[in-house]
Structures are given as C-alpha cells and as structure tokens.
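K.L.:
Following the hints, complete the assembly by docking chain B onto the known chain R.
So the protein sequences, as listed, match chains R and B.
The C-terminal position of the first sequence is numbered 281 in our numbering, with every residue numbered one higher than the one before it.
The C-terminal position of the second sequence is numbered 1189 in our numbering, with every residue numbered one higher than the one before it.
Accuracy of the hints is not assured; some may be wrong.
To be verified - Derived BS3-like pairs (lysine-lysine); straight-line CA-CA distance at most 30 Å:
1) Lys1059(B) with Lys197(R)
2) Lys195(R) with Lys1133(B)
3) Lys1085(B) with Lys195(R)
4) Lys1059(B) with Lys181(R)
5) Lys195(R) with Lys1072(B)
6) Lys280(R) with Lys209(R)
7) Lys1120(B) with Lys1076(B)
8) Lys1072(B) with Lys1136(B)
9) Lys1072(B) with Lys197(R)
10) Lys1136(B) with Lys135(R)
11) Lys1120(B) with Lys181(R)
12) Lys1085(B) with Lys135(R)
13) Lys135(R) with Lys188(R)
14) Lys197(R) with Lys1069(B)
15) Lys1133(B) with Lys181(R)
16) Lys209(R) with Lys197(R)
17) Lys188(R) with Lys1059(B)
18) Lys1136(B) with Lys188(R)
19) Lys135(R) with Lys1120(B)
20) Lys1036(B) with Lys197(R)
21) Lys1045(B) with Lys188(R)
22) Lys1085(B) with Lys197(R)
23) Lys1136(B) with Lys195(R)
24) Lys197(R) with Lys1136(B)
25) Lys181(R) with Lys1045(B)
26) Lys1036(B) with Lys181(R)
27) Lys121(R) with Lys1136(B)
28) Lys246(R) with Lys1036(B)
29) Lys1072(B) with Lys1059(B)
30) Lys1133(B) with Lys197(R)
31) Lys1072(B) with Lys188(R)
32) Lys1120(B) with Lys195(R)
33) Lys1059(B) with Lys1045(B)
34) Lys181(R) with Lys1072(B)
35) Lys1136(B) with Lys216(R)
36) Lys96(R) with Lys1036(B)
37) Lys195(R) with Lys1059(B)
38) Lys234(R) with Lys280(R)
39) Lys195(R) with Lys1069(B)
40) Lys1069(B) with Lys181(R)
Read the hints as simulated data drawn from the structure, not as lab findings.
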Amino acid sequence: MPREPHVKKVLGWLIGLLLSFSLALFPAAVRADILEIPGTGACEVLLQALAAAFNATHTDQVVVPPTIGSIGGIRRVAADRAILARVAQPLREQEKASGLQYLVFARDMVVFVGGARVTAKNLTQGQLLEVYAGKIADWQELGGDPGPIRLLVRQPGDSNLRVIHEYLPLFRNLTFPLSAKVIHTDPKMLEMLQKYKYSLGWAPFSSLKSMHPPLKALALDGIAPTPENARSHKYPIICDYALVFKEKRLNNLARSFIDFIFSKQAQQVMNQYGAMPVDKE
Amino acid sequence: MRFKYSLLYLILSILIIVAGSALLVGYYLNEDTLRKTMEEREGNKARDITYWVNADIHKTIENISILSKLLKQNEKLVYSLIQYKLYGDVTSLRETMDSLYPTLAPLGVDFFLVTDSQGKVAYQAANAGGGDKLLKAWGLEEAWAGEDILETGHGPEGWAIRALTQLSREGKPPVPTMFPWTSAMRPSV
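Same shape as in the complex, but just chain R:
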C-alpha cells in the first residue's frame, strides 16, 4: 500500500515524457522538404515562375536562389552539395565522365535590348558589330532619336555571350570599348538596362517580362524576336536551359519537380514567358 503514490508519480513522469516526445516529433512529421536549384541567372526568372507553380500545389517546396552561374551550379552538384542545378551551357567531357546528367527542359532566345528611351527598333548584324566595336556611338546612327549608346556587356564565359558567338562569329574577335560597362549576372544586366535609358545590352527573352515596365527586345536583321520566329529558326540566337544532376542522388522531390517541368501546366508557364518547352528525352 505505501508503494501506490510512488507508482502514480512514476506513471505521471512517464506520461509527461511521452507527451514531450510526441510534441517534439510532431513538427518533424509535418515538416516539408526543400529543394534548392542553384545555377545560371539566364533561366532564373523562368525557373522561379515554374517553382512558384509547383509550390502552389505541393507541400514540399522548390527554391531558386540567386545566380551563381552555370559552372557554380555544376560544381555544387558534382560535389554533392546540391541535387539539381540549372544551367545554360552544355556539360564538358570531364563533367559527363563524372556521372552528371544533363536534361534540357526549355529553349529561349537571347535578345538585344534597348533602354526605355531607345526608339530604334531594329539592328543589323553589321550595325551590332560597329556598335560593340565602339565605331557607332549614337542611337541616331541606328535610326533612333539622338542619344549616346550606353553599352552593357557581359564577361567572357557568359552563357548568353557564348550563344551570340555561335551565331555571330565576328563578335568573337571584338574588343569592347573601355566605355562599356561589364555586367556579371543576368539579373544585374536587366537592372542596368532599366536604369540607363539609352543603354544597349543582351538578355534572355524570358526574363524581360519580370521587369516593370517590361524591357523591349530589338529585332535582328528585320526579324522580330518572337517565339514563332524562334520556332521557325528565323530568329537564330537560341539558348538551351537544362537541369544537371546525379541520377543516384535524386530524391522524391527532385523527381517530382522534373516530372512537373515536362507537364502541360509547366509548358503553359513557359509559353507565358516566351520560352519554348522541350519534350523529355
């Protein structure tokens, strides 16, 4: 009989402990997984829109952090510090050999963009070469209202510049004038194009809609940069966007996001941004 209060006390402690454990475990049971997709700034806007559409219908969340470049993204996946990376350039042989997979999910145009006060609508390849060589310095010489051409360029190795080199080979031998500003990320390029009203730079077409007011792309050799002209190969400067991963490291969230970006819903999002969806190979 004298033991009864002691047993009650022990039972009380046990129940208390159990309750504490259940409460401690409860948040883990409802916690959602987070998948970060580091990499290029070229498809940052597009992938953010895709992630938002995915997150709206899933408990697990996909996050598209600020750009660290395609190479930065590839390095993270190679070092097992990320499951997926977003890139705008193909893998090199050594990267392929290390077991990295490359999955193209969209195509996009690289377009030349003028600032808000630029009234010129079209540039020829010849004019572009002269402008970027510093021989033409005023918009008036390109059929627009007078104003100094403020040149914005990207650093060597930029994925958009690589695509421009592919289609405009003469661009490769150009030395940009000292007055040009070198920009190091795509979001910064958009910001600068918006800030300087007489600027000229290049950017991915799908990112233009993210700016308010939206930036306007210039036609190239009389061909307007529209998705229709890109699909029919009339507009030539096209860039592939892909995800890079190690097959064995893909978790359920990464797999379900990959499935999502090839879905009808994701294709609609890409079309809204002027990018061209690609079927899963």
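P.N.:
What follows is chain B alone, placed relative to chain R:
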C-alpha cells in the same frame, strides 16, 4: 656473434617499416593540415578584404547620397548657376564651389564639378578646371531628366563612385543646369 639467422633482421625491418610508415603518414597529415590552414587563412583574408571594401563603398555611397541631397538645396549654388547660365560668368560659381569643397573633401569627395545641360563642365572645384571639358559620364541623361543617379565608372584617377543630381529650386521648375559630383575610390582601400 652470428647475425645470419638472428631475429634482429626481422625486428630491424619491422622497426624501419613502422618508422617509415609513421613518417609518411605524419608527412601527409602535416601537408594536409598545412594546406587546410593556408586555405582557411587565405579565405579569411579574402573575406576581410571584401568586408572592408564593401564597408568603404557603402560608406562612400551613403556620404555622397546625403551630401548631394543637401547640396541640391543650396540656394547660393543654385543662384550661382543661374548667373553662369544667364551671363556665362563663372566667378560666383567658383567662389561658391571653392568655399564648399573644403567641407566635402574630408568626407571622401575627390571631385566636385558642375556641367551645363550639354555636359560641358562649367567649373570643377579645387582644380580651376572647367572650360571646354565635356563630361561623358553614364547617367547624365537620366540626371537631366530629374533622377538622382549613383553610378560607378572609370574616372581620371581610377574607379570612381559618382552621384549625379539635377539642381532645382523647391516648387519651381528645375534649373536646366546639372550638378554631377564624383568621388573616386581611394587606391589605399
């Protein structure tokens, strides 16, 4: 003493192998530690430099932003500019700017100049400059349109942070004369 079949050979061999292995393992461990230490040290140094450069840039930006807002409302400066615009007389402008510059210089302002609406430098403080020099800085067109511009560029003394502001009188139309102001990043940073 016979050594031919002695255990000494075996013991010596084992000792040599153990000592050699310990030496090799120690060497590689030390090399690895040294590499990590060097990486860490260099990493810290780079982070420190980034931190101090960023802090200095932010301080300069803050200083020139505040000062440009204050100078924009300086009545004496505005009327000196009007006089310059109306009569082409730079005397009043020179006096005003030269009297302001000693206050600005300790705050990191290396250049203090005024242009007209074509970019022609009217006067540059402490330089007796101006005249026909044409300023081609980025952001001039935006400043002429009334925006306060902060920008970086290559100036006469290296990389510079510039604040470009249009001078105006409160409640009255803006004076069509510009007031750009340059602050070079000091090479010692």
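K.L.:
Each of the hints needs a verdict: does it hold here or not?
P.N.:
These are the hints, each one checked on the structure:
1. Lys1059(B) with Lys197(R): holds (27 Å)
2. Lys195(R) with Lys1133(B): Holds, because 26 Å separates the two Cα atoms, which is no more than 30 Å.
3. Lys1085(B) with Lys195(R): Roughly 29 Å between the alpha carbons, so the hint for Lys1085(B) and Lys195(R) holds.
4. Lys1059(B) with Lys181(R): holds (23 Å)
5. Lys195(R) with Lys1072(B): holds (21 Å)
6. Lys280(R) with Lys209(R): holds (26 Å)
7. Lys1120(B) with Lys1076(B): holds (21 Å)
8. Lys1072(B) with Lys1136(B): With a Cα-Cα distance of about 21 Å, the restraint between Lys1072(B) and Lys1136(B) holds, given a limit of 30 Å.
9. Lys1072(B) with Lys197(R): holds (23 Å)
10. Lys1136(B) with Lys135(R): Roughly 16 Å separates the two Cα atoms, so the pair holds.
11. Lys1120(B) with Lys181(R): holds (23 Å)
12. Lys1085(B) with Lys135(R): violated (33 Å)
13. Lys135(R) with Lys188(R): It holds: about 26 Å lies between the C-alpha atoms, which stays within 30 Å.
14. Lys197(R) with Lys1069(B): holds (22 Å)
15. Lys1133(B) with Lys181(R): Holds: Lys1133(B) and Lys181(R) sit about 22 Å apart, inside 30 Å.
16. Lys209(R) with Lys197(R): At roughly 17 Å apart (the allowed maximum being 30 Å), Lys197(R) and Lys209(R) satisfy the hint.
17. Lys188(R) with Lys1059(B): Cα-Cα ~22 Å, so holds.
18. Lys1136(B) with Lys188(R): Holds, at roughly 22 Å.
19. Lys135(R) with Lys1120(B): Holds, at about 23 Å.
20. Lys1036(B) with Lys197(R): Outside the cut-off at roughly 48 Å; violated.
21. Lys1045(B) with Lys188(R): Measuring from Cα to Cα gives roughly 27 Å; hence the hint holds.
22. Lys1085(B) with Lys197(R): holds (26 Å)
23. Lys1136(B) with Lys195(R): Within the cut-off at roughly 17 Å; holds.
24. Lys197(R) with Lys1136(B): With a Cα-Cα distance of about 15 Å, the restraint between Lys197(R) and Lys1136(B) holds, given a limit of 30 Å.
25. Lys181(R) with Lys1045(B): Within the cut-off at roughly 28 Å; holds.
26. Lys1036(B) with Lys181(R): violated (37 Å)
27. Lys121(R) with Lys1136(B): The given pair, whose Cα atoms are some 25 Å apart, holds under the 30 Å limit.
28. Lys246(R) with Lys1036(B): Holds, at about 28 Å.
29. Lys1072(B) with Lys1059(B): Answer holds: Lys1072(B) to Lys1059(B) is near 20 Å, not above 30 Å.
30. Lys1133(B) with Lys197(R): Roughly 24 Å between the alpha carbons, so the hint for Lys1133(B) and Lys197(R) holds.
31. Lys1072(B) with Lys188(R): holds (29 Å)
32. Lys1120(B) with Lys195(R): holds (23 Å)
33. Lys1059(B) with Lys1045(B): Distance of about 21 Å is within 30 Å: holds.
34. Lys181(R) with Lys1072(B): Answer holds: Lys181(R) to Lys1072(B) is near 28 Å, not above 30 Å.
35. Lys1136(B) with Lys216(R): holds (25 Å)
36. Lys96(R) with Lys1036(B): holds (29 Å)
37. Lys195(R) with Lys1059(B): Distance ~22 Å between Lys195(R) and Lys1059(B) Cα, so the pair holds.
38. Lys234(R) with Lys280(R): holds (24 Å)
39. Lys195(R) with Lys1069(B): The given pair, whose Cα atoms are some 19 Å apart, holds under the 30 Å limit.
40. Lys1069(B) with Lys181(R): With a Cα-Cα distance of about 26 Å, the restraint between Lys1069(B) and Lys181(R) holds, given a limit of 30 Å.
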